[in-house]
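*Asks:* Take the given structure of chain A and dock chain B to it, following the hints.
Quick note, the sequences are listed as chains A and B, same order.
Each residue of the first sequence is one higher than the one before, starting from 59 at the first, in this note's numbering.
Each residue of the second sequence is one higher than the one before, starting from 59 at the first, in this note's numbering.
Just so you know, the hints here were simulated from the structure itself, not pulled from any lab data.
Heads up, some of the hints might be wrong.
Repeated chains share a single entry, so a pair holds when one copy, or any two copies, can fit it.
Stated by the list, open to error - List time: in silico SDA-like cross-link candidates among lysine to any residue, alpha-carbon distance up to 25 Å:
no.	residue 1	residue 2
1	K155	N68
2	K111	R75
3	K82	G236
4	K182	V232
5	K184	H90
6	K219	D195
7	K82	E72
8	K117	E191
9	K111	E100
10	K82	E145
Computed from a prediction, not measured in an experiment: that's the story for all the values here.
2 protein chains.
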Amino acid sequence: MDYYSSQISNLIEELSRLPGIGAKTAQRLAFHIISMPEEQVERLSSSMISAKKNIHYCKCCCTLTDGEICPICASAKRNHKMIMVVENTRDLAAYEKIGKYEGVYHVLHGAIAPMLGIGPADIKLKELLVRLEGDVDEVIIATNSSLEGEATAMLISKLVKPTGIRVTRIANGVPVGGDLEYIDEVTLLRALDGRIEL
Amino acid sequence: MDYYSSQISNLIEELSRLPGIGAKTAQRLAFHIISMPEEQVERLSSSMISAKKNIHYCKCCCTLTDGEICPICASAKRNHKMIMVVENTRDLAAYEKIGKYEGVYHVLHGAIAPMLGIGPADIKLKELLVRLEGDVDEVIIATNSSLEGEATAMLISKLVKPTGIRVTRIANGVPVGGDLEYIDEVTLLRALDGRIEL
Chain A
59 MDYYSSQISN
69 LIEELSRLPG
79 IGAKTAQRLA
89 FHIISMPEEQ
99 VERLSSSMIS
109 AKKNIHYCKC
119 CCTLTDGEIC
129 PICASAKRNH
139 KMIMVVENTR
149 DLAAYEKIGK
159 YEGVYHVLHG
169 AIAPMLGIGP
179 ADIKLKELLV
189 RLEGDVDEVI
199 IATNSSLEGE
209 ATAMLISKLV
219 KPTGIRVTRI
229 ANGVPVGGDL
239 EYIDEVTLLR
249 ALDGRIEL
Chain B
59 MDYYSSQISN
69 LIEELSRLPG
79 IGAKTAQRLA
89 FHIISMPEEQ
99 VERLSSSMIS
109 AKKNIHYCKC
119 CCTLTDGEIC
129 PICASAKRNH
139 KMIMVVENTR
149 DLAAYEKIGK
159 YEGVYHVLHG
169 AIAPMLGIGP
179 ADIKLKELLV
189 RLEGDVDEVI
199 IATNSSLEGE
209 ATAMLISKLV
219 KPTGIRVTRI
229 ANGVPVGGDL
239 EYIDEVTLLR
249 ALDGRIEL
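The following block holds chain A by itself, in its conformation from the complex (with noise of 0.2 Å):
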């Protein structure tokens, strides 16, 4: 690309590096960055560098925060004894959001895939059995609803079932809005199962 100049065609190689971001995104973004104020650019710098720096694992329930253990783990307004098993922060911020749930997190950083080569030892698994060696009384598995998802439950389920601690899954179903029409077979068998008495 030595159309570009090199500062140009550098920073637009490294941005196309991060996920999602073409060829032409990349392009677009240097370019946007080329004319942004130098204070903002600056503080789009850092952020990045000190994010980088200062995150790392919560202690406790593994999610990504600046602390020692994250705000959750550290609250005695939430529930200890109930952990929401999540597949990542990202999931546990979707859950966070609604702000109904009482408990507390553990983040795996990813479900088992065979296929790929992420097995049990590759997550945050060891680190979820341990903590159920405390005093817990239910873990709810939220990973997500494919293959992977499912197996990193069944997996966790069979792991903690021996404990005696109480295993639920969050259900299937139709979305709320959703049109049975458009919705594929699984699911809608899944609904019809976990159905509910009115």
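*Replies:* Same frame as chain A, now just chain B:
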């Protein structure tokens, strides 16, 4: 967004200021950046800062470059008597990628848009007129085929014609591989008007 630590929220906020990056994408990018190797984050961050600091307009054609004069204006191999006027550096790159154009460029950094308050003084038009005082044979107007691009082309042609320099406009027509059925009427008419002898 207090379900993320402030460092993460900060990064998400800065990223979502970029064009075409919504809240969800910013979130995804932020978590990706946190998971990247530290050297890569530093490379990305410093390439932004250095591009912002070192990139400025070429003294001759106004494209973005890190030298005083861009490589194209500095090249003895190019025909400096033929100037292609484009709206921005990406348009210049679009023609440079083909590698067939032998003249030089002039980058306007915009197009006149009276509705948005962008007048002739807000684009690099004065700089073009100064260049025309030198030895120039032809000005090829390659602004976009949008309302603003067309208005800019009209204005430039009006300003250049009295100098006796040849003024041309890149052709409108059916894109190669285009299906007539799906092409708008104005383009079809322009293609007919611009038909060439076989």
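*Asks:* One pair to classify: K117 and E191, alpha carbons no more than 25 Å apart. Within, between, both, or neither?
*Replies:* within (15 Å within a copy, 70 Å between copies)
*Asks:* Tell me, please, which holds for K155 and N68 at an alpha-carbon limit of 25 Å: within, between, both or neither?
*Replies:* between (38 Å within a copy, 17 Å between copies)
*Asks:* Using 25 Å as the alpha-carbon threshold, which applies to K182 and V232: within, between, both, or neither?
*Replies:* neither (30 Å within a copy, 57 Å between copies)
*Asks:* Quick one: K111 to E100, C-alpha cut-off 25 Å, is that within a copy, between copies, both, or neither?
*Replies:* This pair counts as both: shortest intra-copy Cα distance 16 Å, inter-copy 10 Å.
*Asks:* Within, between, both or neither: how does the pair K82, E145 come out at a Cα-Cα threshold of 25 Å?
*Replies:* Result: close only across copies, 17 Å inter versus 31 Å intra.
*Asks:* Using 25 Å as the alpha carbon limit, work out where K184 and H90 are close: within a copy, between copies, both or neither.
*Replies:* between (44 Å within a copy, 24 Å between copies)
*Asks:* First find the shortest C-alpha distance between K82 and G236 inside one copy, then the shortest across copies, and answer within, between, both or neither for a cut-off of 25 Å.
*Replies:* between (35 Å within a copy, 21 Å between copies)
*Asks:* My question is about K111 and R75: at a cut-off of 25 Å on alpha-carbon distance, are they close within one copy, between copies, both, or neither?
*Replies:* Intra 20 Å, inter 22 Å, cutoff 25 Å: intra and inter.
*Asks:* Can you tell me if K219 and D195 fall within 25 Å by alpha carbon in one copy, between copies, both or neither?
*Replies:* within (12 Å within a copy, 84 Å between copies)
*Asks:* Is it within a copy, between copies, both, or neither that the alpha carbon of K82 lies no farther than 25 Å from that of E72?
*Replies:* This pair counts as both: shortest intra-copy Cα distance 13 Å, inter-copy 21 Å.
Violated hints amount to a single one, hint 4; each of the other numbered hints is respected by the structure.
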